[in-house]
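Listed below, chain by chain, are the residues.
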Amino acid sequence: MKMINLKINDQEISVEAGKNILDYCVELGLDIPTFCHDERIKPEGACRMCVVEVKGINRLLASCATPATDGMEIKTHSPEVMEARKDVLELTWASHPNDCVVCDANGDCKLQDYSYEYNLTSIPEYDGHKRNFSIDDSNKFFYIDPEKCILCGKCVYVCKDLQGVEALGFNKRGHDTFISFAFDNGMEQSNCVSCGNCVSVCPTGALMEKSNVMFRSWETKKTRTTCPYCGVGCQFDIVTKGEQVVRIDPAPGTPNEGLLCVKGKFAYKFINHKGRLTTPLIKENGEFREASWDEAYDLIASKYTELNDKYGAATFAGLASAKCTNEENYMFQKLFRAAIGTNNVDHCARLCHASTVAGLATTLGSGAMTNSIAEVKDHDVIFVIGSNTTETHPVIGSFMKQAIAKGSKIIVADPREIELAEGADVFLKILPGTNVPLLNAMMKVIYNENLHDIDYISERTENFETTLETILNTDIEEAAEICGIDAEDIRKAARIYAAGNKAGIYYAMGITQHSQGTNNVKSIANLALLCGNVGIESGGINPLRGQNNVQGACDMGGLPDVFPGYQKVFNDEARAKFEKAWGVKLDNKVGLSLPHVLDGAYEDQIRFLYVMGENPVVSDPDTTHVKKSLGNLDFLIVQDLFMTETAEMADVILPASSYAEKEGTFTNTERRVQMIRPAIKPVGDSKADYIIIQEIMNKIGYNQPILTPSEIMDEVATLTPIYGGVSYDRIQELGLQWPVLDHNHPGTKYLHKDKFARGLGLFSEVEFAEAKELPDENFPIVLTTGRVLYHFHTISMTGKNEEINEIVPENFIEISPKTAESYKLKHMDHASISSRRGTTKAVVHVTDKIGDGVMFMPFHFADGANMLTNTELDATCNIPELKVCAVQIDGKL
Amino acid sequence: MSIYVLEEQLNEFKIEVINKYRDTKSPLMQILQESQKRYGCVPVEVQEFISKEMNITTAKINGVVSFYSMFSLIPSGRHILGVCTGTACYVKGASRLVERVEALLDTEYGSTTEDGCFTLAHTRCVGDCAQAPVIMVNDEFNGKVTSDDIPKIIARHRGKNCKK
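Protein chains in written order, with the working numbering: chain Z, 1 to 893; chain D, 1 to 164.
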């Protein structure tokens, strides 16, 4: 590395060459003013605030855009520099509305700060022509006030280069230039995704969040924490005024690099929502009444004793929560395993990535994303199959777009033409449930054309020969027909994938939520192993986890077959370890999985159910069956923030504190254990889940000292090898990625380097099997489900934000123009849709993004998609086939 | 919003223009110029069509279209009349010519007459300062123009293809 010598002010330094002057000044801790600079985007040198004097050059240079060269003597605050900066400010100020006292950005504005710092007077030096623009408030979450814009351009470049959307642009030129959506036509007509990343970087009051709360920046406090929505685990600051959350500011650095999506940035209003549960509620004669915590606990304890005496511990079950912290999930499964004495504990991971946990644990030895989020940007091939990444994991979606902009190829396989499919190198519009034929056909092409990695296969894998037979038995033309695509596209996709040196596969529910889910995952593993694309940086298999802490809830043993750290309950050695630590005998039988808990409730096998932060009435397949099952319980406890559809069926409701009111850790999709911290006090009489669980443990006779989250994590670390080195003092700044084996272990950026967790990577023979329910005469349409950008899961949190509800107010379906025509339906009609299990209504969206005879419906809405979905399970992992069922359109409503 | 270019014209535009420039080095300017030439404008529907075909965002296309004065969103008149306001012409009294033209055509600088006959276009130096002040009508050059010449110039062109 080439070194250069610089003299900055009076300091002489020797530094590695390659950066611009500003970077070295910042490294020295010098305060250089900037408007347009953002280290994530290419320097524009537009604002001229960062000018410096360089000896021997007779003009001032924009330090952000000037490479430092050997021997430069730089002055950053000479009188000439100060004068130039002041002049820039004077010129900007001359055409700026002089309205700081009433501006929303007052106290949070760089123009204001610098004008003060550089001693501007209240009377402008120049008599500038004021610009006359109108405010664009067409976006639900923020407005653009072009008069306050100083045209630094950061919003435009962030939107284009980081978010990959380019909804904002410069309009006109010179003095008349302003920032706007295309044609100055407002957000509705643009491709804006309301991520708000433009708002976050705006140095003035030109792009401002629409806020219902009046606040000044000096009245607020910031608390660094982790986003509670999807599995990306974005870091941000909750900005609070007193006990009110007033704004969310993205944090720089890992993992989100200062980006957020609309949910993380704007959908925080559930926290202070008036619908929050603030006191325990007990149901008496079909009505809820407010109760004290003691009353609620006493009722739970008495019901526990009664039912335990009568029916035994095996009739108890609990649903842990992918929304709650690791510490809470750990305590929850400890409550069931140690205090109650059953392994009947599961959670919604059963519905999303049970097949990943099963499929990847078998083939690779570990069921998690093998790469890190930061590695997304460095793939040379990205293969997205069954994941609508830009809507479900928006920040990872943006990183994919950055990778594509850098030259990565992208292959997309999905029944819908999702955003990433536009401009993909190959888009495979496969029919729902046809992943295996596609993957087998791709592998056959790769093998036949000799594109596979022979050395990798022989050194690092096993069972290749037998698997190869299945692969070679695949007829490519036939596979293409099953998938409903062109065989040539399969070949093209196969060649692109195999040509990648650092190819990353990304998948989600489109792979997992099938009766063949585990096989789908194994097939993905086969493809990656065939090309030597696992266990390397920026190359791997990446299941995208849906919830903020679904990874952690699995890691903590919120599953019926494993203790924390995936240690099997039937493994005597593991059980002995936990028995010693917890001081009780533990059950050695695998507990019931979520669908079997519900079936058990229906059949009187389960009497007592404790649901923590889950909403199975909306999230689980076949709503009618779920409601009947829950209704048949002897006792149902629901612990939540809101009166959810499930809570309404409870006998006792315990009000929990939100993520903004407690301490703990979430483990994101890249296995990173990150902190959450309390920004406000618990709302009402609500309590953090970890406190509630521990208090219940004591109430039912298990002696559990009330531990803090940090102490709970210390207990986790002693019992869970992959979390062995995790402790709160190590994760304050930057989280740790498991496996973290001990206190000196740095964590693991990507899995399976040199050696798989199970030793050798296992090829598995995977034959195609059709979905359990296919279209027929009576139910001729295939229904597939999914998520939308604006809502999250059962909308118990996003649905508390008015603006979000205005954008996506109700259940809808997407069907092709041809399907619509055959049912005489028009865009925005209301229709009734039925399956063998139930009926629901939806607004019709007619779009050519979906194929003929296929229907898409989001799974967010109560009495929506899951009225129709099928409860057929994957035999290995019990994931229901939520992605494929047969429906009919009853007609227009 | 008014539509200036019909759907079948867009398909023709795709075959004859977009496909021709699609794989060239920087196709956007060529395509936009071709639209301006064919339709007298680059209206929203054309920008949206180019966006979809070329996978370039409308924000970017709109940025380019609104940046250059040679592009307009609505059709320009049959004749483009430009009074040069470059330095030499300005000194020789171009601003008075502008006023006269505006009065005679009853339209503002930068706009199109109601009958669609003339667009009064912003014009910078045309490179023949010795002849200042200069008025361009389409490709026709008029040098050393006086205020009194203007009605004649206008009448000459109004006669051409411009009967209502």
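The reader is advised that the hints may include incorrect statements.
Restricting the straight-line Cα-Cα distance to at most 25 Å, the calculated cross-link-like pairs of lysine to aspartate or glutamate (DMTMM-like) are [stated by the list, open to error]: (1) D:K25 to Z:D425; (2) Z:K409 to D:E34; (3) Z:K849 to D:E48; (4) D:K52 to Z:E777; (5) D:K60 to Z:D136; (6) D:K52 to Z:E117; (7) D:K14 to Z:D136; (8) D:K60 to Z:E44; (9) Z:K849 to Z:E537; (10) D:K25 to Z:E188; (11) D:K52 to Z:D634; (12) Z:K826 to D:D23; (13) Z:K172 to D:E45; (14) D:K20 to Z:D425; (15) D:K60 to Z:D852; (16) Z:K172 to D:E8; (17) Z:K406 to D:E7; (18) Z:K406 to D:E16; (19) D:K60 to Z:D486.
Computed, partial: chain D to chain Z, Cβ under 10 Å [stated by the list, open to error]: (20) E7; (21) S26; (22) C41; (23) Q47; (24) S51; (25) N55; (26) I56; (27) T57; (28) K60; (29) I61; (30) S69; (31) M70; (32) L73; (33) P75; (34) C129; (35) T146.
In case anyone wonders, no lab produced these hints; they're calculated from the structure.
Quick reminder that beta carbons are idealized off the backbone N, C-alpha and C, glycines included.
Evaluated hints:
| no. | hint | in the structure |
| --- | --- | --- |
| 1 | D:K25 to Z:D425 | holds, 20 Å |
| 2 | Z:K409 to D:E34 | violated, 32 Å |
| 3 | Z:K849 to D:E48 | holds, 18 Å |
| 4 | D:K52 to Z:E777 | violated, 38 Å |
| 5 | D:K60 to Z:D136 | holds, 18 Å |
| 6 | D:K52 to Z:E117 | violated, 47 Å |
| 7 | D:K14 to Z:D136 | violated, 33 Å |
| 8 | D:K60 to Z:E44 | holds, 17 Å |
| 9 | Z:K849 to Z:E537 | violated, 34 Å |
| 10 | D:K25 to Z:E188 | violated, 32 Å |
| 11 | D:K52 to Z:D634 | violated, 58 Å |
| 12 | Z:K826 to D:D23 | violated, 38 Å |
| 13 | Z:K172 to D:E45 | holds, 19 Å |
| 14 | D:K20 to Z:D425 | holds, 21 Å |
| 15 | D:K60 to Z:D852 | violated, 34 Å |
| 16 | Z:K172 to D:E8 | violated, 30 Å |
| 17 | Z:K406 to D:E7 | violated, 35 Å |
| 18 | Z:K406 to D:E16 | violated, 31 Å |
| 19 | D:K60 to Z:D486 | violated, 34 Å |
| 20 | E7 | violated, 16 Å |
| 21 | S26 | violated, 17 Å |
| 22 | C41 | violated, 13 Å |
| 23 | Q47 | holds, 7 Å |
| 24 | S51 | holds, 8 Å |
| 25 | N55 | holds, 5 Å |
| 26 | I56 | holds, 9 Å |
| 27 | T57 | holds, 4 Å |
| 28 | K60 | holds, 6 Å |
| 29 | I61 | holds, 7 Å |
| 30 | S69 | holds, 9 Å |
| 31 | M70 | violated, 12 Å |
| 32 | L73 | holds, 8 Å |
| 33 | P75 | violated, 16 Å |
| 34 | C129 | violated, 23 Å |
| 35 | T146 | violated, 31 Å |
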